[in-house]
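Participant: Listed here are the chains, written in short residue letters.
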Amino acid sequence: MARKLLFENINIPGIDTFEVYRKNGGYRAVEKAIKTMSSDDIVEEVKKSGLRGRGGAGFPTGMKWSFLAKPEGKARYLVCNGDESEPGTFKDRYLMTYIPHLLIEGMIVSSYALGANTSYIYLRGEMMPQIRILEKAIAEARNAGFLGKNILGSGYDLELYVQPGGGAYICGEETALIESLEGKRGNPRIKPPFPAISGLYGCPTVVNNVESIAAVVPIINDGGDEYAKVGIGRSTGTKLISASGNLVKPGVYEIELGLSVEDFIYSDEYCGGIANGKKLKAVVPGGSSVPILPANLILKTVNGEKRLMSYESLSDGGFATGSMLGSGGFIAFDEDQCIVRNTWNYSRFYHHESCGQCSPCREGTGWMEKVLHRLEYGHGKLSDLDLLVDVAKKIEGNTICPLGDAAAWPVASAIRHFRDEFEWHVTNPKEAMERNYGLAKYADPLPKLEEV
Amino acid sequence: MLSVTETQFVEFSPALIAKFDDVVSRYPIGKQKSALLPILHLVQAEYGWISAPAMDKVAQYLEILPIEVYEVTTFYTMYFTRPTGKFMLEVCRTGPCCLVGAEKIMKHIENKLGVREGEITPDGLFSWRGVECLAACGMAPVLQIGPEYTFYENLTEESVDQLIENLKSNSLQN
Ligand SMILES: Cc1cc2nc3c(=O)[nH]c(=O)nc-3n(C[C@H](O)[C@H](O)[C@H](O)COP(=O)(O)O)c2cc1C
Ligand code: SF4
Ligand code: FES
Numbered sequence: 001m002a003r004k005l006l007f008e009n010i011n012i013p014g015i016d017t018f019e020v021y022r023k024n025g026g027y028r029a030v031e032k033a034i035k036t037m038s039s040d041d042i043v044e045e046v047k048k049s050g051l052r053g054r055g056g057a058g059f060p061t062g063m064k065w066s067f068l069a070k071p072e073g074k075a076r077y078l079v080c081n082g083d084e085s086e087p088g089t090f091k092d093r094y095l096m097t098y099i100p101h102l103l104i105e106g107m108i109v110s111s112y113a114l115g116a117n118t119s120y121i122y123l124r125g126e127m128m129p130q131i132r133i134l135e136k137a138i139a140e141a142r143n144a145g146f147l148g149k150n151i152l153g154s155g156y157d158l159e160l161y162v163q164p165g166g167g168a169y170i171c172g173e174e175t176a177l178i179e180s181l182e183g184k185r186g187n188p189r190i191k192p193p194f195p196a197i198s199g200l201y202g203c204p205t206v207v208n209n210v211e212s213i214a215a216v217v218p219i220i221n222d223g224g225d226e227y228a229k230v231g232i233g234r235s236t237g238t239k240l241i242s243a244s245g246n247l248v249k250p251g252v253y254e255i256e257l258g259l260s261v262e263d264f265i266y267s268d269e270y271c272g273g274i275a276n277g278k279k280l281k282a283v284v285p286g287g288s289s290v291p292i293l294p295a296n297l298i299l300k301t302v303n304g305e306k307r308l309m310s311y312e313s314l315s316d317g318g319f320a321t322g323s324m325l326g327s328g329g330f331i332a333f334d335e336d337q338c339i340v341r342n343t344w345n346y347s348r349f350y351h352h353e354s355c356g357q358c359s360p361c362r363e364g365t366g367w368m369e370k371v372l373h374r375l376e377y378g379h380g381k382l383s384d385l386d387l388l389v390d391v392a393k394k395i396e397g398n399t400i401c402p403l404g405d406a407a408a409w410p411v412a413s414a415i416r417h418f419r420d421e422f423e424w425h426v427t428n429p430k431e432a433m434e435r436n437y438g439l440a441k442y443a444d445p446l447p448k449l450e451e452v
Numbered sequence: 001m002l003s004v005t006e007t008q009f010v011e012f013s014p015a016l017i018a019k020f021d022d023v024v025s026r027y028p029i030g031k032q033k034s035a036l037l038p039i040l041h042l043v044q045a046e047y048g049w050i051s052a053p054a055m056d057k058v059a060q061y062l063e064i065l066p067i068e069v070y071e072v073t074t075f076y077t078m079y080f081t082r083p084t085g086k087f088m089l090e091v092c093r094t095g096p097c098c099l100v101g102a103e104k105i106m107k108h109i110e111n112k113l114g115v116r117e118g119e120i121t122p123d124g125l126f127s128w129r130g131v132e133c134l135a136a137c138g139m140a141p142v143l144q145i146g147p148e149y150t151f152y153e154n155l156t157e158e159s160v161d162q163l164i165e166n167l168k169s170n171s172l173q174n
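Residue numbers (my numbering), protein chains in the order written: chain A, 1 to 452; chain B, 1 to 174.
Bound-form chain B, shown alone (with noise of 0.2 Å):
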């Protein structure tokens, strides 16, 4: 297994407080909790996931209290809670998807990568999932991959494979 503490670090870089800085002066004074899932989805994208301290921290910033965060981190589904693979690829399981197969397309997925859904391969590279339509259902079956959510359309067990093949040799160069 991939070794991440649950209690992973947590000082935000100058950088990624001035990228906080600047979503928070969207919103009318008084009202930066507005920024909140805007800024949760830079975290998770420069961490991989959102630990319970950088949820504290998150909610230290925005000068509200942890379980306004905590609440908003468990009641959206794009945010992860405990660490996933370097690359997690989420299919859509939702019917229009499964009219052109995928759910075969997931079961290749959960055969090739040898892992069942939400768990990590031991290389660390890989999780998997089914999410519900990503709003490409004339493109089915497809799967995003995050922190750029780039879109993979109208899969085949084939091309499947080539994207992890790809993946793969591409996180080997890095």
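Same shape as in the complex, but just chain A (with noise of 0.2 Å):
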């Protein structure tokens, strides 16, 4: 069995409650830093961790934390990120809904070392269950003495507060979340300043995953070296996982990373393979917005060899024949299910969600969605393709946000590696709106270097 350092005790009955999580060691991280570290011995030991921000883009925590301003007389924030509305990511609502106190209990040591008095934890609003499991786990460590003034006798005072968003998956991005969490629109800002100089009320602030904030606890309870051990080269740690799609058992795993996509596809102790017998045709492995990947890509990279669930192996070969970790979530697509038709729905989600301020981004998205309905419903033309890839081309990186960015590269990869099935829709527009165009050769072993 893979070693678990979040979920250890996610199967024990009760753990959602205060009593239970702390005889079962909860809250001893609090404990060891408030009592015994400095704010500059947490942050050292999260550097050493090698922790990785688990909301999508992968930036070293420990890092981010030592850019943290610390001007005289002005508050610092600390900012939970729990928007969580990345397409094939859930694994944050299943950490606050089964070990609320986890996360609690990170939030207090992260606000510590960042020298916080106020922190919030931004959910978004369909959380409203999740809001309720905080708030009560929010009121146990408060009447514990973990939470509130004097914090176990230290002098450090902390309040936590859960704030919902409003239904809008741009509030995931940190400057978005912000201007939300001031009360507006989620238009996200123009960086820099970025929120470790001004934030939140034009504050320093900090924001973290939810799943980040979590992985603090282990870390220092066992120590930064000791995180560290788990995993391979520069991804350290566990990882968790959303895998949904055609998979004989979706849900949310924690994996320690480096574990091979195959074993995490067909092994019983993951996802128990493709369902109802099917093969497996691609997979996006790290949330909507990362490229998409046929499945003998996903298994092995160009140079044969076997791919990882990493950071660096899973973007192995770039955008030409990679893709990325991202948030982890994992959506596997079986031999029936169309590209194009899926494409199309992902860029209609990216135009439905694109804040408008930028026009590459407002209009592009808008353009794409529209090409690729006509792709689909039988009525594309064959210079669609490259028309596609254009817009693509000129969102990218022309935007305030990465929204922009996300939009793009799942068109731009799905045209990449499943060509033949786009041009399939065009020159056979009747037969593709009756059947699929099935696994065609996505499977097939891929072609030796030389060969190519």
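A few of these clues could be false.
[What the hints assert, rightly or not] Here are the simulated DSS-like cross-link-like pairs (lysine-lysine), alpha carbons at most 25 Å apart as the crow flies:
| id | chain 1 | residue 1 | chain 2 | residue 2 |
| --- | --- | --- | --- | --- |
| 1 | A | K149 | B | K19 |
| 2 | B | K31 | A | K191 |
| 3 | B | K104 | B | K86 |
| 4 | A | K184 | B | K57 |
| 5 | B | K107 | B | K86 |
[Unchecked claim] Output of the computed footprint for chain A on chain B, the stretches with three or more beta carbons under 8 Å from beta carbons of chain A:
| id | segment |
| --- | --- |
| 6 | 32-39 |
| 7 | 146-156 |
Derived from the structure by calculation, the hints contain no laboratory data. Cβ atoms here follow ideal geometry from the backbone N, Cα and C, with glycine treated the same way.
Since each chain sits alone in its own frame, please combine them into the complex, following the hints.
Facilitator: Structure below.
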């Protein structure tokens, strides 16, 4: 069995209550941090752990913390990002539902490390049940003296609040999240200034994903070096993977980074293979924003090496033949799925969720949706494929926030790897309305490099 | 059609105002606008939707301009600026859910309720619409019903029928 750092105790009955969580070693990290460590010590441990942000970008958490400005007389804020709107991602909801105190404990330690006296957990508004769960957990922790004034007699004060959003994917982007928390539309801000200098209410602010904050708990308990021993290379620790689509056992799994993709999909410990005895056609390994890969390229890199669940291995080959770990939203497609329809669905999503501030994103996502719609419904032209690639290119890198890129990559990668299927939709519009293109050659062994 | 006047009432009850006050206490002095999204959820839970007069009252309460409230209610998808059925079935329509039959479930709901997306059934009980990924893709297809945002997962046509029947009979009892 693989090592679990976050979910080791998740199956203990009552672990969502303070009492049971505490009995099983909960809040030890708070005691250790507040009683025996300085802020700098904690930041140092997090740096040593090699933890990389679990929200999608994979930026080293310790380094991010060390950028936080500390001007005299100004409040500092920690904001936890529980927006979790990236299609394919549902691990944060799971963590907060079943082991809410892990997040609260992580928030206390992290707030202490950053010198924040008020911290917010921003959850998407649809997570009302999780808001209730967290508010209950906060009340329990406060009753036990782990929150509020003078925590554990240390003189450190912390208030923790849960804030609901209003339904908008863009509020997962950290500056849009801050705008939303200030009671405004979720329009991303132009950077710089970065939140570390000017974030919530113009004060220095750190925004971290739910899972990143939770990972601080084992890092403090066992030490950063211990944490860094788990995983592979610069992909240290464990990662929560949200597995969805056509799998025998979809769900949330905590894996050690470095597990092979093949084991993740096919072994009984994890997803148990493709549902209904079908074959795997494609995978989006890191949430809807990352490039889609056909079965042959997700299982092996072009060099013929086993593809691993790690930041480096999943991006091996760059965008030509690789993808990204992203938020760990692992979406599996069986042989009956239509890539054209799926790509249209994603582009509809991004068009719907664009905040509309920059024209390349606002107009470009609309164009892509329209063109993909006509391809899917049999009115496409072969030139549409190049048109799509062209629009995607014009969005990429030309926008205020990365939603533009997130909209462009799935389209560009689908056409890169599944061009045959798109062309078939154009040349056989009638047939394409009646049946799917199927597996074609997408699971065939890759040609040896020298043959290419 | 359900008869709800577009200029529905509005005097917030003292109990509701007390909840608003509690929300406002979470932010630094002068940053009460941060309470806007949570307060709009409270208003919607109370009235089922958020009318223009209600928005004006919220603006008054928070000491901000009405436009600051309008731009928020219209930006975010969870706020209803028009009445809906008593139960609003919100079905996820995003990619991962579609891999396991979300579109079929939506079609089924449309047929079963006999109204199109966004409309209200003649008895005033139901509306439905497609929404984007609800962070429950592993339990797909899924739908949610506010204001508590209860989730119904791994939907089948049968379980949807059952759900609709249950909601109907519950609301008859109440
Ligand atoms: C369009 C968009 C949506 C995002 N959605 C989320 C999200 O739902 N949750 C999240 O933690 N990060 C999300 N991010 C990343 C955040 O901007 C930010 O990088 C992250 O919260 C930082 O936390 P981490 O360093 O712990 O990963 C999103 C980014 C973009 C551009
Ligand atoms: S890229 Fe899109 S979502 Fe991001 S700021 Fe520009 S318009 Fe808004
Ligand atoms: S795609 Fe439906 S819940 Fe994520």
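Participant: Next step is simple, just say for each hint if it's right about the structure.
Facilitator: Results for each hint:
| no. | hint | in the structure |
| --- | --- | --- |
| 1 | A:K149 - B:K19 | holds, 23 Å |
| 2 | B:K31 - A:K191 | holds, 23 Å |
| 3 | B:K104 - B:K86 | holds, 23 Å |
| 4 | A:K184 - B:K57 | holds, 17 Å |
| 5 | B:K107 - B:K86 | holds, 20 Å |
| 6 | 32-39 | holds (count 6) |
| 7 | 146-156 | holds (count 6) |
Of the numbered hints given earlier, the model fails none.
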